[in-house]
Amino acid sequence: MLPRPPQKLGVGINYHWDFQDLIRNNLNVIDYIEVSPDIFCEEIITENQRRFRLDKRKLNDALALGNLCPVVVHGLGLSIGSASGWNSDYLTVLDQYAQQQCFAWHSEHLGFTLVKNQDGSEDHAGLLLPMPFTQDALDLLCPRIQQLCIRYAVPFLLENTTYYLPALTDTYKNGREWDEIDFLNKIVTRTDCGLLLDLYNFYCNAVNFGFDPYSALVRLRLDRVIEIHVAGGIMHEDFLLDVHSSEVPDAVWELLEWILSKVPNLCAITYEVLEQALPLMGEEKIVAQLQRCKTLWNQYVEKSFESQVREKEFNTLEDNNNVAA
Amino acid sequence: MSLLEVQRSMVEFARGYQRESRKQVQLTQAESKWLDQLPNSPGLKVTQQTQQWWRITRLCSAAPLTVELIKRTGFDELLYDYIINEPVRSLFFAAELEQFANYLQQHSASTPTIKILAAFECAVKNAYQASVSNDAHASPVKTFQFTYDPIALFNALLTGAALPSHAQHYYLIVSPDLPHFWRVAPEVDYQALGLHRNH
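Line by line, the protein sequences give chains B and L. For the first sequence, the working numbering assigns the number 25 to the initial residue and increments by one for each residue that follows. For the second sequence, the working numbering assigns the number 140 to the initial residue and increments by one for each residue that follows.
Treat the hints as calculated values from the structure; they're not laboratory data. Some hints here could point you the wrong way.
[To be verified] Taking lysine to any residue and the SDA-like style, the derived pairs with C-alpha atoms no more than 25 Å apart in a straight line are:
1) L:184 to B:82
2) L:172 to B:190
3) B:82 to L:185
4) B:197 to L:184
5) B:140 to L:185
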């Protein structure tokens, strides 16, 4: 189980310095920001060594905004699933960031980008690749995840990703192959991590590999879902792509509305959008997406949370009355 | 097949240069089936293209002037050749820019102006980084000699206007101490810096 339940935050957006004005102007809709510390860094590569350098100017801008609303961390560069070792420089950056900014939880993508070759050189995939759904992958990931669950004394969440390649999978004794849901459930069963359920990513996989997202999601350990991502993308070569370039498709809104009553520990809904989409979409459309998230949040999560609090207060009052009697 | 071998295969497929992995390791039936599936899977092309798009996007952000000059002067092949043949080292802009600038310096099809512009953008990026990390020594003063009026050239590349014609020599100085990290310099300043060599 999770080390301690995080606070309910509401609706947020991924942070980029291009969004500074948008965020500051809409703090009535935006309850928190999701920050990727990687974006404050540049990577310096010399020979076969890589190291990060923090851009203090960009960092300070984000810290100033962090004084106005809560922050959650969403990492990009850890490469948590690399068999040849994760990117420990990312953790150094997160350590530095954690010294300057409190955050409610931190998260990473389930996948890998880096591999070491036989000659010791490092290869980069150029994009996040998915983990095979196998026992080997599980054995590699779980101890790392557990380390991350305790490292910052705040919960750690793992995010499901989009993939376009067929997965290498283990099989159960009855011959059924492990799928993404089995793999995520096995991870949360063996570790204390929560789930960052990216509904758009999951919907992409459902469209691209032809399965029903609803019947798949009911098999997921929904009690572990702490944060939900929604986003929009494009269709290319008959594949729905995860590019965060547009409005959330109707099918994902429907999935979100359907799932909100089934995720009792949900603390946040983040609308993810690329900074390059800002001039194309415009601030108004982006805010409209956030507003729609907020309406659903108020309708399902806030209402249910308030009734839970009221029920708890009532029970406490009743207990006190019984003691007094 | 170890997890490391599986991941090496996936990276090779994603980058489009798969080795003969199966000759080197013993495969289970599932691994063999998976490796057979990959080359013909419709998602492989999408994976490769996605990786290339992200890289083009990084280049456009990291070296907007150079990329625009390459396109405007009909040297698009340099971009494709770089993306296909140069390994991905990083998802970060500065590292990509450094690698791209080095590639252009060495490529015979690259023109002197493309080389100078890439080196200039790289130097500005380094000067900015040195400035924000208060480490001026990390990026010493650099000078560049253009055969275009640089202001007219940058304006044309950013606005889509026609490229200026070649003119006399122009000199630029890049330093972390300058307000925008660069300025056009009179020849006398350039000579005074004692760095009158072509970049």
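Structure-based check of each hint:
no., hint, in the structure
1, L:184 to B:82, "violated (36 Å)"
2, L:172 to B:190, "holds (11 Å)"
3, B:82 to L:185, "violated (33 Å)"
4, B:197 to L:184, "violated (33 Å)"
5, B:140 to L:185, "holds (24 Å)"
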